[in-house]
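Could you fit the two chains together into a complex? Lean on the hints.
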Amino acid sequence: MAESRMSNANQRFLLGVFEREEDILAATNEARRRGLDIADVYTPYAVHGLDAAMGLRPSRLPWVCFALGLAGASFKVWFEFWTSAADWPINVGGKPWNSLPAFVPVTFEVMVLFAALSTVAAFLVGRGLLPGRRAKLAYPGVTDNQFALVIEETNATFDFDEVSAMLETFGVTHIEERVDQESL
Amino acid sequence: MASAPAAISGPLILGDKSPGQVTDDVCSALERGPARSWWIAIAISSSMLLLGLITVAYQVLTGIGTWGLNNTVGWAFDITNFVFWIGIGHAGTLISAVLFLFRQKWRTSVNRAAEAMTIFAVICAGIFPLIHMGRPWLAHWMAPYPNTRGPLWINFRSPLVWDFFAISTYFTISLMFWYVGLIPDMATMRDRLTGGWRKKAANFLSLGWNGSFRTWFHYETVYLLLAGLATPLVVSVHTIVSWDFATSVIPGWHTTILPPYFVAGAIFSGMSMVLTLMLIARKTMGLEDYLTKRHVGAMCKLLIATGGMVAIAYATEFVAAMYSNNDYEQFAFINRAKGPLCWSYWIMVSCNVLTPQILWFKWARSNMVVVFVVSILINIGMWFERFVIIVTSLHRDYLPSNWTGYAPTSIEIATLVGSFGLFLTLFLLFCRFVPVIAIAEVKGVLSHGRKSHE
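Protein sequence lines correspond, in order, to chains A and B.
Quick note: the first sequence, position 54, residue 54 per the working numbering, numbers continuous.
Quick note: the second sequence, position 369, residue 369 per the working numbering, numbers continuous.
Pulled out of the complex, with its shape left as it was, chain B reads as follows (with noise of 0.2 Å):
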């Protein structure tokens, strides 16, 4: 069964290891002291991430007036980077749920990154509501507990709330599946290490595994029905942050289309992030016997199949405006690519639906420059994607005389940096206290011991 993709694309993790090797390889790279350009990486990006406590400090003490919002254009910046940085989750656990249940074996090279990159991910998403609601004191009020307003209950109508439940929701799987995926691992770090503070730590949290088939039985149940119940939530995630547009009625906001279009975006993008730290991990850290060309390859055409389905939902929903016979829902689309900010509208038609194409050519997509050039201009261009949906409906609205501009202050686009100094910082750390490839899973898929593969 398993030798029949193996004999057409190759073995899955090169230089034929053995499990012992695999523990050796992932294992050694975190007990050597960090490299050089892993200390410069975290210089730069801890000053990425000081420089958004300052302005998120900032803005807070300040009020939200320190952002280019005004009365018309009421969400753009904030929102938008929430959007982006929820997409950029949903790879995560596609790679780590969906493709475990579609039994996708290359998928144990690259899970724990992912899913690393999907927690990172969430938390810097969830920042920007809190920022966003100017007192996030009372941020405790989204939650529906007995107080001494009433009780007054929160309302469960309002799509806000139940972005609320589906966030807070989606960052608690991610982190359990995480955490449930790293404890085998965990401890094969404990019984490797002989002391330090490290075998402490992996001691605490191996909870005392000790390998008895038994437990990797139920193990295996456990991980079966975390995929199957993390797959629709995580269409649930961005369907609900879908709804908090589609169901205002907001011309360009207000349409069906917007939860597919949405979760086929959000896996795109997250697929493209996942690319561009995974070329980064494989060369800095010596990992090409496990990130092989076959996993980008896996990766790119995972891209052109994901970035076909936003093509089809940019086409979708201008023909539905056209077809729609409203002059509001016609003006907003024409508005986006002919009106003042249709720039924004052709970066990023033609970073998400003509870059991606070049990955037809298998040439381009064993080449991991190209693979990473095109990596980045997806995740400019569906940055830009959220900035459209968002800005451009809403910037010239129903009444002409609301119509206005918008541009971000320098304090929204030293947020924008800080949440990548954020999500950079705690990536970086995680490369060098956690394995960066799911020890156990892979020695799974080795051909090692298995006398079908010899």
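Bound conformation, chain A alone (with noise of 0.2 Å):
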């Protein structure tokens, strides 16, 4: 992903900055017409639009959501089962030893609490969003109100003059290339 990318030695990255929430998406809109490699877009929140500029696909998180939380609930109705049925079966006001309905509550909830839990740790674990983690900040301010479009000059036909000249018709406010991935 992103952050394997910009590990590479000897890669050079172009960073154009933002103000407004408009340019960076028409900027990265017409980066990504012209074919040029986006590693990575920073922006104070979820700018909605810039997933289709960017042409991110779809996040496979909630096939992690529905596969936990379908064997949470199949462990629970087994444990539940296996517990008041098997294990140690006690007549509770005459009711069948496998009463499945009375059973439906408790599976909701554990349902639930494993596909909740497996969903943000999975997100958490896949994003490398660790307690004590050290941010990289692509350009101080994108926690506040700057927008940092990262391009990856990928090639030896990467013009940067041409680039730059695209990114000031966006109304850019600031441009600089970067060899030292580690700064990212």
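One should not assume that every hint holds.
Derived lysine to any residue pairs resembling SDA-like cross-links, with alpha carbons at most 25 Å apart [as the list claims (entries may be wrong)]:
# : chain 1 : residue 1 : chain 2 : residue 2
1 : A       : K136      : B       : G196
2 : B       : K199      : A       : P140
3 : B       : K17       : B       : G196
None of these hints come from the bench; they were simulated from the model.
Values in this document were obtained by computation on a predicted structure and should not be read as measured data.
Here you go:
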């Protein structure tokens, strides 16, 4: 993903900073239309439409949610059956050992618990968000009011001046080239 | 798309703010020293909390014979408080999850505080069944773990066990939902602060968030999934709370209307508590631009809607009882309205059914004093609703020789005061140390930087 790509040695990046949502959206759209390789965009909030502009594929997290929710529910039904009907059956008000309808509420709760915890865990681990992790900011203020577009200079045909001129038309406030990926 | 409602009702956030200003407005309130009013408020709330701690310690050491319960009325004040607090929490989830699914953008100003309220209310609620156990040090017996008592498993057919799972799941999910929403704002605080323990804490809690849109994209998916999971969860939680009553054979409890009735009542009571807290917060913290009259108006309309559902539920259960041709069922409801505890029934009806009707008028919705008074009255009315359901159904049961009264002892009242102390203390601490407005979410609904709005 983006992070692993940025740690490649000797790779050059172009960083363009914008101050308005409208500008970053337009610039990202244009960069993608020109076939430039967008490494990432850094924004203070979830800008709607930027995923389409960057051409991101839908997240696979719903599958984690579905699979683990199903696993949690199945496990809980089995557990309730095993404890109530197999391991130590106890007569409660003459109800059948395997009183499935009565197991529904707890099964539902455990399904939600499994689905939600696993989705959040998968998200945090997948995106490398861990306690104590030091944030590497692409540009000061990207968590406040700045929008930064990072384009990877994929090959020798990359024309820095041409791309800069394109970004200028969208009101870029700062452009720089970075070789040291650690700064990203 | 977004411009159509904006054209009708004006901007969501007043003052044409830029993203930078939002950060400043919300964070500077935290960076300033606490105001005098905050110190006074926390002095009062922590005194209430201390009173609660002392009385809880006393009743745990002495036993729940310190309460006004008797053979006939085995559930009263304690369970009333439990249901009341759980209900309060539900509005937070409604605002954070249900309104998110319905794309109600005004929720962004309110959701952080409402979710915090949910968490604190669930903490308060959880204390009451714990004390009610009499031996709270055996509370872990509620969990199904291999034990040396057989292993004797818990009874999964019992609504009390369902309740344990529902409340603990609800608390976990609410806390996680709230924290996930906080991560980007913690990063904003981290990058703004120059040093000190606050920066260290923000650094730890922001998990290295750097605003990468690839992360934001997955984050939005997670948020949507959590909202989708929390919505049926919140319905299930109060449904299960109502089953604590509905699965019994007590007239007045054993009705099929109880689950929807409880869910509507929970959201109604929670909304009124959100309004109470919101009106105080906007005034004392200078957040009038973020918590505008439009937000208050929207919440008032939700109060009318949920209040209407509650009113229909009251009427339905009365008619159903009369129509049932069951003497005990009919008596339970006539006893509510005309028996010795009828005052509590009429407090409930006047506060919950009559009071919110004033909000049909626009002048009332835009008068903050009126809204505040209405919200307080509904809080009181909803507490009495639970009292009515629990105590009036029990105190005159099948055998007239069992009939008795119920009055709370000072210990029970002090415990309720203590729970308010805990709730308010936690809320005041939250207001000091956590951004009360979801910074990143509010930035997403500003009109700044979008051509279609300028």
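Structure-based check of each hint:
1. The suggested pairing of A:K136 with B:G196 holds, with an alpha-carbon distance near 20 Å, which does not exceed 25 Å.
2. Proximity of B:K199 to A:P140 is assessed by CA-CA distance (about 16 Å); at most 25 Å being required, the pair is judged to hold.
3. Taken as a hint, the B:K17 and B:G196 pair is broken in the structure, with Cα atoms around 29 Å apart against an allowance of 25 Å.
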